[in-house]
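All chains should be built: construct the whole structure from the sequences, respecting the hints.
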Amino acid sequence: IINNPVKFNPQIVKGISTQDDEYLPIISPDQELSFFTRRSDKMSLQDITTTTIEEFVFSKKINGDFEVGQALTYPFNLESNEGGASITIDNKILYYTKCIRDNKGYNNCDIYYVNRENGAWSNVQEFPKNISKIDSWESQPTVSSDGKKIIFSSDRSGGYGKMDLYEISKVNDTWTSAKNLGSTINSNENEKSPYLHTDGKTLFFASTNFPSLGGFDIFYSRKDSLGNWQKPINIGYPINTVADEISLFVSTDGNQAYFASNNLNGIGGWDIYSFGLYEGAKPERVLFLKGDLLDENKQIIEDVELEIKNLTTQEITTIKVDAGTYVSSLTLAKDDDVLITIKKEGFAFNSTYIYTEDTSFNSPSALNFEMQSLEQGKSFSIENIYFDNNSYELKRATNEILIEFAKYLEVNNTLIIEINGFTDNVGNQADNQLLSENRAKAVRDLILLQGISEKRVFYNGFGESSPITSNDTEKGREQNRRTEFKIISQ
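For the sequence shown, position 113 matches number 130 in our numbering, and the numbering has no gaps at all.
Hints in this document: simulated from the structure, not taken from any laboratory. Just so it is clear, the structure is predicted and the values come from calculations on it, not from any experiment. Do not take every clue at face value.
Said to hold, decoys possible - Quick list of in silico lysine-lysine cross-link-like pairs, DSS-like style, CA-CA up to 25 Å:
| # | residue 1 | residue 2 |
| --- | --- | --- |
| 1 | K351 | K395 |
| 2 | K395 | K315 |
| 3 | K109 | K307 |
| 4 | K503 | K424 |
| 5 | K240 | K360 |
| 6 | K326 | K360 |
| 7 | K503 | K458 |
| 8 | K218 | K240 |
| 9 | K315 | K337 |
| 10 | K109 | K337 |
| 11 | K24 | K109 |
| 12 | K472 | K503 |
| 13 | K412 | K424 |
| 14 | K166 | K240 |
| 15 | K24 | K150 |
| 16 | K59 | K77 |
| 17 | K351 | K412 |
| 18 | K326 | K337 |
| 19 | K315 | K109 |
| 20 | K165 | K146 |
| 21 | K337 | K165 |
| 22 | K326 | K166 |
| 23 | K248 | K165 |
| 24 | K59 | K109 |
| 25 | K307 | K360 |
| 26 | K360 | K315 |
| 27 | K218 | K146 |
| 28 | K218 | K351 |
| 29 | K240 | K187 |
| 30 | K326 | K165 |
| 31 | K196 | K165 |
| 32 | K307 | K326 |
| 33 | K337 | K299 |
| 34 | K196 | K146 |
| 35 | K179 | K150 |
| 36 | K187 | K109 |
| 37 | K315 | K503 |
| 38 | K187 | K146 |
| 39 | K166 | K196 |
| 40 | K78 | K31 |
Structure below.
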């Protein structure tokens with residue numbers, strides 16, 4: 018391992034790291050919040066004695082950097098040691114570890130959770146005793162992106178070693194009993210500090226077994242095509258050393274890894290660092306989107322969903338919009354394109370096509386939708402309808418969008434529409450007129466192939482006669498080359 022070093026250039030995370038000790042960090046999947054433990058020396062009221070305290074701390078990202086953070090208030094930091102947290106992708110449920118010393122001196126750690134409601138944390142919720150056992154430690158939970166699985170570390174009896182990794186699943190809003198991850202992951206030594214990446218297929222954890230450089234080393238494992246964990250791989254030197262390395266986690270886009278260390282030249286003792294994760298250890302590609310979905314008056318629309326279609330597998334993921342906002346996480350192969358559509362009755366069709374090479378959607382990304390109410394005689398643009406120059410042959414992306422548009426017409430089954438084609442002013446006016454007609458007809462023909470009645474879909478071409486912006490720039494000409502649908506009857 019030492020003879021094959023990996024790329025490693027740790028940089029201290031600004032704002033969070035101070036003269037005090039900071040450790041057990043996590044950053045939310047949207048990369049906007051951080052939770053960690055801070056240990057500091059504080060004077061008593063009489064300034065006579067110094068007491069070392071641990072506090073569970075929360076920090077927000079402001080202008081690209083995290084603020085120093087403040088100790089969480091109620092229901093946190095009351096009388097116990099707390100930390101080792103994980104948060105759901107919507108930032109609404111926080112799972113964390115709390116250690117309470119009983120009257121016999123036993124410092125028992127268990128997993129708890131709180132809900133974020135109206136800007137405040139709820140009272141602390143406990144797991145059933147078959148999960149958080151009375152006579153064993155359960156700690157450092159990591160929750161999956163769909164919120165339905167949690168992996169944690171426990172020293173309960175019946176495992177393979179001293180501390181093993183276990184998994185629980187949420188079925189019908191109830192958590193199942195803990196299941197050992199098995200001998201591929203767990204050894205006769207210690208496994209702890211699990212981090213399940215947002216892709217749901219890559220697990221990072223610390224172990225004193227396997228090929229180790231000494232103490233706890235960081236390992237990672239990937240799920241195979243059957244959903245089984247593969248043999249763990251040491252993340253490599255100099256990320257791992259003869260000292261203990263624990264609590265590594267990775268950004269949603271897979272590019273940055275974070276950890277706490279007291280072995281580097283930091284600001285205090287323990288500080289939080291980040292480094293660019295080398296290619297071989299990166300998780301799979303994740304499309305992480307969040308944003309608002311409102312009508313043209315910025316009002317909430319009830320009972321609305323987004324459909325996210327993987328155009329390689331044709332798999333559709335449905336995302337419910339809650340009070341005008343949504344968040345979604347989708348694991349993709351490297352070359353997968355994605356189509357997002359909204360087909361709400363009474364509103365115009367809305368779509369966004371995301372190409373693999375579109376870097377504006379590197380995770381996490383904000384994507385807001387404004388839904389327009391249908392109105393007779395009004396026209397609405399169908400986005401991402403593309404043709405080659407001087408051609409009316411539909412491209413693959415356009416085909417996919419129109420297939421979904423036909424489904425939209427099935428939802429709004431009384432609509433009668435006219436497909437209208439427009440061009441820029443490049444070329445001959447008569448040629449542009451004919452081209453716009455042929456393109457509109459090509460769009461209509463594909464819609465009819467999906468089973469929509471020809472009595473509901475008409476077409477027309479307007480050539481270069483109705484620009485919506487100037488044709489003096491390429492951007493303007495691109496906007497003028499468009500396809501719209503006009504409401505003839507509702």
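Each hint, compared with the structure:
1. About 40 Å separates the Cα atoms of K351 and K395, which puts this hinted pair outside 25 Å; it is violated.
2. As the CA atoms of K395 and K315 are separated by approximately 20 Å, the hinted pair is consistent with the 25 Å bound.
3. As the CA atoms of K109 and K307 are separated by approximately 14 Å, the hinted pair is consistent with the 25 Å bound.
4. Note on K503 and K424: the hinted pairing holds, with a Cα-Cα distance of about 17 Å set against a maximum of 25 Å.
5. Between the alpha carbons of K240 and K360 the distance comes to roughly 34 Å, so the proposed pair goes past 25 Å and is violated.
6. Note on K326 and K360: the hinted pairing holds, with a Cα-Cα distance of about 13 Å set against a maximum of 25 Å.
7. For the hint linking K503 to K458, the alpha-carbon distance of about 14 Å falls within 25 Å, and the restraint holds.
8. At most 25 Å may separate the alpha-carbon atoms for a hinted pair to count; K218 and K240 meet this at roughly 5 Å.
9. For the hint pairing K315 with K337, the CA-to-CA distance comes to about 18 Å; that is within 25 Å, so the pair holds.
10. With a C-alpha separation of about 15 Å, the suggested pair K109 and K337 falls inside the 25 Å cut-off, and the hint holds.
11. Straight-line distance between C-alpha atoms of K24 and K109 comes to about 35 Å, which puts the hinted pair past the 25 Å bound.
12. A threshold of 25 Å between alpha carbons decides the hint, and for K472 with K503 the separation of about 14 Å falls inside it, so the pair holds.
13. A distance of roughly 19 Å separates the Cα atoms of K412 and K424; the hinted pair therefore holds under the 25 Å criterion.
14. At most 25 Å may separate the alpha-carbon atoms for a hinted pair to count; K166 and K240 meet this at roughly 15 Å.
15. Our distance criterion of 25 Å between C-alpha atoms is broken by K24 and K150, whose separation comes to about 41 Å.
16. A distance of roughly 24 Å separates the Cα atoms of K59 and K77; the hinted pair therefore holds under the 25 Å criterion.
17. A C-alpha spacing of about 21 Å is found between K351 and K412, which places the hinted pair at or below 25 Å, so the restraint holds.
18. Our distance criterion of 25 Å between C-alpha atoms is met by K326 and K337, whose separation comes to about 15 Å.
19. A C-alpha spacing of about 23 Å is found between K315 and K109, which places the hinted pair at or below 25 Å, so the restraint holds.
20. Restraint check for K165 and K146: the C-alpha separation of about 19 Å stays at or below 25 Å, so the hint holds.
21. Distance check on the hinted pair: K337 and K165 sit about 16 Å apart at the alpha-carbon level, within 25 Å; holds.
22. Using a Cα cut-off of 25 Å, the hinted pair K326 and K166 holds, with the two alpha carbons roughly 23 Å apart.
23. Between the alpha carbons of K248 and K165 the distance comes to roughly 24 Å, so the proposed pair stays at or under 25 Å and holds.
24. Between K59 and K109 the CA atoms are separated by roughly 32 Å; this puts the pair beyond 25 Å, and the hint is violated.
25. This hinted pair checks out: K307 and K360 have alpha carbons roughly 18 Å apart, not beyond 25 Å.
26. For the given pair, K360 sits about 18 Å from K315 by alpha-carbon distance, which is consistent with the 25 Å threshold.
27. For the hint pairing K218 with K146, the CA-to-CA distance comes to about 28 Å; that exceeds 25 Å, so the pair is violated.
28. Restraint check for K218 and K351: satisfied, since their Cα atoms lie roughly 15 Å apart, inside the 25 Å limit.
29. A distance of roughly 20 Å separates the Cα atoms of K240 and K187; the hinted pair therefore holds under the 25 Å criterion.
30. The hinted pair formed by K326 and K165 meets the criterion: a straight-line CA distance of about 21 Å does not exceed 25 Å.
31. In summary, the hint linking K196 to K165 is supported, as the alpha carbons are separated by about 14 Å, within the 25 Å threshold.
32. With a C-alpha separation of about 16 Å, the suggested pairing of K307 with K326 holds against the 25 Å cut-off.
33. Between K337 and K299 the alpha-carbon distance is near 29 Å, which puts this suggested pair outside the 25 Å criterion.
34. Under the criterion of a C-alpha separation no larger than 25 Å, the hint pairing K196 with K146 is consistent with the structure, at around 14 Å.
35. Of the pairs offered as hints, the one joining K179 and K150 holds, with about 16 Å between alpha carbons and a cut-off of 25 Å not exceeded.
36. Restraint check for K187 and K109: satisfied, since their Cα atoms lie roughly 16 Å apart, inside the 25 Å limit.
37. Restraint check: the Cα-Cα separation between K315 and K503 comes to about 23 Å, which is no more than 25 Å; the hinted pair holds.
38. About 16 Å separates the Cα atoms of K187 and K146, which keeps this hinted pair within 25 Å; it holds.
39. Annotation: proposed proximity of K166 to K196 holds, straight-line Cα distance about 11 Å (limit 25 Å).
40. A distance of roughly 10 Å separates the Cα atoms of K78 and K31; the hinted pair therefore holds under the 25 Å criterion.
Checked against the numbered hints listed earlier, the structure breaks hints 1, 5, 11, 15, 24, 27, 33; every other hint is satisfied.
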